[in-house]
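Engineer: From first to last, the protein sequence lines stand for chains D and X.
Just so you know, the first sequence maps onto residues 9 to 323 in the working numbering.
Just so you know, the second sequence maps onto residues 38 to 530 in the working numbering.
The hints are simulated quantities; they were obtained by calculation from the structure and are not laboratory data.
Possibly wrong hints are sitting among the right ones.
[To be verified] Using 30 Å as the maximum straight-line C-alpha spacing, the simulated DSSO-like pairs for lysine-lysine come out as follows: (1) X/K309 to D/K92; (2) X/K154 to X/K144; (3) X/K309 to X/K419; (4) D/K92 to X/K461; (5) D/K227 to X/K479; (6) X/K144 to D/K92; (7) X/K221 to X/K240.
Residues per chain are reported as follows:
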Amino acid sequence: MLHLVISRLVSLSMTLLFVSLAIFLILEVLPGDPAAIMLGTAAREDTLAALRQELGLDQPALVRYLDWIGGILHGDLGTSITYKMPVSTLVAERMSVTLPLSLLAILISTALALPLGVAAAARRDGPVDRAVLVFSQMGVAVPNFWIGLLFILFFSTHLGWFPAGGFPGWGAGIGPALQALLLPALALALPQAAVLTRVTRSATLEVVGADFVRTARAKGLDRGATLRRHVVPNALIPVTTILGLQLSFFFGGAILVENVFNLPGLGRLAYQALNQRDLVVIKDIVLIFSGFVIVVNFLVDLGYTILDPRLRNRA
Amino acid sequence: MSKRFLAACLLLSVSALPALAAKTSLVVGMPIEPPGLDPTIAAPVAIREVTLANLYEGLVRIDRNGKVQPLLAKSWEISPDGLTYTFRLQEGVKFHDGTTFDAADVKFAFDRARDPKSTNAQKQIFAPIEGIETPDPSTVVIKLKETSGNFLTYLGWGDAVIVAPETAANNAANPVGTGPFKFKSWTRGDRVELVRNPDYWQKDKVKLENVTFRFISDSQAQVAAVRAGDVDAFPNLAAPELFAEFQKDPRFKAVAGNTEGETVAGLNSAKKPFDDVRVRRAIMHAIDRKMLIEGAYSGFGTPIGSFFSPNHPAYVDTTGVVPYDPAKAKALLAEAGYGNGLSITIKTPQMAYASRSAELISAMLAEVGVDLKIIPTEFPAKWIEEVFKNKDYDITIVSHTEPLDIEIFARDNYYFNYKNEKFKALIADAAKTTDEKARFAKYAEAQKILAEDVPALFLFQLPKLGVWNAKLQGMWENSPIPINDVTDVSWTE
Numbered sequence: 009m010l011h012l013v014i015s016r017l018v019s020l021s022m023t024l025l026f027v028s029l030a031i032f033l034i035l036e037v038l039p040g041d042p043a044a045i046m047l048g049t050a051a052r053e054d055t056l057a058a059l060r061q062e063l064g065l066d067q068p069a070l071v072r073y074l075d076w077i078g079g080i081l082h083g084d085l086g087t088s089i090t091y092k093m094p095v096s097t098l099v100a101e102r103m104s105v106t107l108p109l110s111l112l113a114i115l116i117s118t119a120l121a122l123p124l125g126v127a128a129a130a131r132r133d134g135p136v137d138r139a140v141l142v143f144s145q146m147g148v149a150v151p152n153f154w155i156g157l158l159f160i161l162f163f164s165t166h167l168g169w170f171p172a173g174g175f176p177g178w179g180a181g182i183g184p185a186l187q188a189l190l191l192p193a194l195a196l197a198l199p200q201a202a203v204l205t206r207v208t209r210s211a212t213l214e215v216v217g218a219d220f221v222r223t224a225r226a227k228g229l230d231r232g233a234t235l236r237r238h239v240v241p242n243a244l245i246p247v248t249t250i251l252g253l254q255l256s257f258f259f260g261g262a263i264l265v266e267n268v269f270n271l272p273g274l275g276r277l278a279y280q281a282l283n284q285r286d287l288v289v290i291k292d293i294v295l296i297f298s299g300f301v302i303v304v305n306f307l308v309d310l311g312y313t314i315l316d317p318r319l320r321n322r323a
Numbered sequence: 038m039s040k041r042f043l044a045a046c047l048l049l050s051v052s053a054l055p056a057l058a059a060k061t062s063l064v065v066g067m068p069i070e071p072p073g074l075d076p077t078i079a080a081p082v083a084i085r086e087v088t089l090a091n092l093y094e095g096l097v098r099i100d101r102n103g104k105v106q107p108l109l110a111k112s113w114e115i116s117p118d119g120l121t122y123t124f125r126l127q128e129g130v131k132f133h134d135g136t137t138f139d140a141a142d143v144k145f146a147f148d149r150a151r152d153p154k155s156t157n158a159q160k161q162i163f164a165p166i167e168g169i170e171t172p173d174p175s176t177v178v179i180k181l182k183e184t185s186g187n188f189l190t191y192l193g194w195g196d197a198v199i200v201a202p203e204t205a206a207n208n209a210a211n212p213v214g215t216g217p218f219k220f221k222s223w224t225r226g227d228r229v230e231l232v233r234n235p236d237y238w239q240k241d242k243v244k245l246e247n248v249t250f251r252f253i254s255d256s257q258a259q260v261a262a263v264r265a266g267d268v269d270a271f272p273n274l275a276a277p278e279l280f281a282e283f284q285k286d287p288r289f290k291a292v293a294g295n296t297e298g299e300t301v302a303g304l305n306s307a308k309k310p311f312d313d314v315r316v317r318r319a320i321m322h323a324i325d326r327k328m329l330i331e332g333a334y335s336g337f338g339t340p341i342g343s344f345f346s347p348n349h350p351a352y353v354d355t356t357g358v359v360p361y362d363p364a365k366a367k368a369l370l371a372e373a374g375y376g377n378g379l380s381i382t383i384k385t386p387q388m389a390y391a392s393r394s395a396e397l398i399s400a401m402l403a404e405v406g407v408d409l410k411i412i413p414t415e416f417p418a419k420w421i422e423e424v425f426k427n428k429d430y431d432i433t434i435v436s437h438t439e440p441l442d443i444e445i446f447a448r449d450n451y452y453f454n455y456k457n458e459k460f461k462a463l464i465a466d467a468a469k470t471t472d473e474k475a476r477f478a479k480y481a482e483a484q485k486i487l488a489e490d491v492p493a494l495f496l497f498q499l500p501k502l503g504v505w506n507a508k509l510q511g512m513w514e515n516s517p518i519p520i521n522d523v524t525d526v527s528w529t530e
């Protein structure tokens, strides 16, 4: 077990290093001069040169790359070109929106998908199964930002139950903050819930047909107990894989949903930074996103060994 | 006792409500969040729209009519040769951190702006300065190398606000000025909050206690926020197609004013076919400005024939110099050797006004036998690289929002590739002319030259579509400079 963890950690850090290099190179060839964007179309050449020097953009690429990586290893993410403040502070501020938003979306998504998927599989081709299929077809087909726009039109503009966008901050109290996050979390969760429902349903169906389930039924266990004790634990393995992939998606999907709902999260920061060519912020955020995906996948791998009785005993 | 007492309290508090004074908080909506809050180190308009006159003050202020008025300087004298400006400063003015404002701060602020290492976006406005002297704490003497006709106007811009040596370096994140409001907090991505400055030197003028700027980029969300009352005022609404509805609604005041943004389709004068003035004029003759404004901005916006804001007193209407005349356009094209058609491209940024205009221009040019292909580009990053720096374009379209920027057509190596020595000399001359009447006459002549030479298709002045609660008074209808000055704003109830 320990051996597995260490070897995974090594490959994880190699991947991160490779990713950091890729991010840096892509931003190198991306057109757009941060100094020209900051100073506008009226600025003179000498002013632009002064700003490039101040930002360290006149240094060779290798020096800038090593500065960046060296800083990160010391826990210093650098200073934003546009906001003129530490990226770590910016990211922490934005994380307080994106993290709760993603967690809320995951909660909603799993709370919907697991019962629906199992219920659909329990009575295959029954009315519940049909209804679940229709729901999941629709959910897969409709993009989250469009659901978000519909929600705003109906719940905010028409009914006035929720704010049309924006975030009052956690300082305004848990109630108003959650109220602002609920619609975006739903918009983010529904398409994912649809996918997860389908996966849960098919995984459950597969296990239901397995020999050990028949044995369990043959030895006299009733339907419900068989589902609970034998089917669901085994069906959870493919479901966890998809959930792990979705965790990354929730983080990335937040970019669109945060823009639709005008939420000051990490996704919107990334979008703004890209528009302004705030290279320091973009590099850090892309690295954080990638790091998140890599770490989640690592955790999912570890999760298998806990969930899967066969893998657990082998360790 | 307790129940009756509580009931009495309740009654009292309810009956006290109508007696409360008018509202003292204001929420202003803006489409774009400023990157930083220091107008002296970066160009974006949004920085000025939050900070200028609210947080920071200059020696002079530009009022809502574009006129120069005293601010931190209560008066000034200009020597007869126009080279020495002596400013008498207001006394008893304090920065938000409690330090006293005096002549040394003015010297510091301007020396910082004109330093070789300075990143002031309008550094050229300080270029005429030879030296700054401070004979006493309430007097500043600025000596110029050459006369500068617009010098006082420039001192009212965001680039010339007075900052203190102790705090200047941190102003982007923690602004400290002398203005009527102090910085309270900035929830990045959402809002900037200001509170009334209790030590403001013109305390009695200010009625508001709290001012919040909220940033809402989506135009539908802007409209929803105004309707829901989440924001009290949106001085620059980005939804022209929904603006007329606000004009009909008595709960709101909706005014279509002017900005300093001239929307022009730059023509690359160094490249064929636009190196031939006949072709440039032909294309201009093919454009129906009125129809373009109708399609691109729902009919809001003033047609322009040159590169000068209708807000400015020196503005002349030149829309008749090269008017809409498709027959003439065809004749000129034939004369220039393009009678059998012409195929060109327009690099179009993503802004709604730009892409809508490009489509209309393309349709109008098709009428005179010109095939215009639209190539999308991303503003600012990609546009600056491709068009502005590399000049790799035939036509492009963008709104130039800096005030008084006709001089860009006199610059060597600017993206229009326009060269006219007579125009260049005229602009240089106007910049040095201190007599207002003579200077304005020169600007009028310069406008006419551009109208005839057509280095760009002069289309329309970007409107300022302002909407605010009908109970608010003191909001600006036009913006002679980028600003959201709320010093005089108050609620009638």
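Engineer: Compare the structure with each hint and give your call.
Structural biologist: Against the structure, the hints come out as follows:
About 44 Å separates the Cα atoms of X/K309 and D/K92, which puts this hinted pair outside 30 Å; it is violated. With a C-alpha separation of about 16 Å, the suggested pairing of X/K154 with X/K144 holds against the 30 Å cut-off. The straight-line distance between the Cα atoms of X/K309 and X/K419 is roughly 23 Å, inside the 30 Å bound, and the hint therefore holds. With a C-alpha separation of about 38 Å, the suggested pair D/K92 and X/K461 falls outside the 30 Å cut-off, and the hint is violated.
Between D/K227 and X/K479 the CA atoms are separated by roughly 102 Å; this puts the pair beyond 30 Å, and the hint is violated. Between X/K144 and D/K92, the direct Cα distance comes to roughly 25 Å. Compliance with the 30 Å bound is thereby established for this hinted pair. For the proposed pair X/K221 and X/K240, the alpha carbon gap of about 18 Å is at most 30 Å, so the pair holds.
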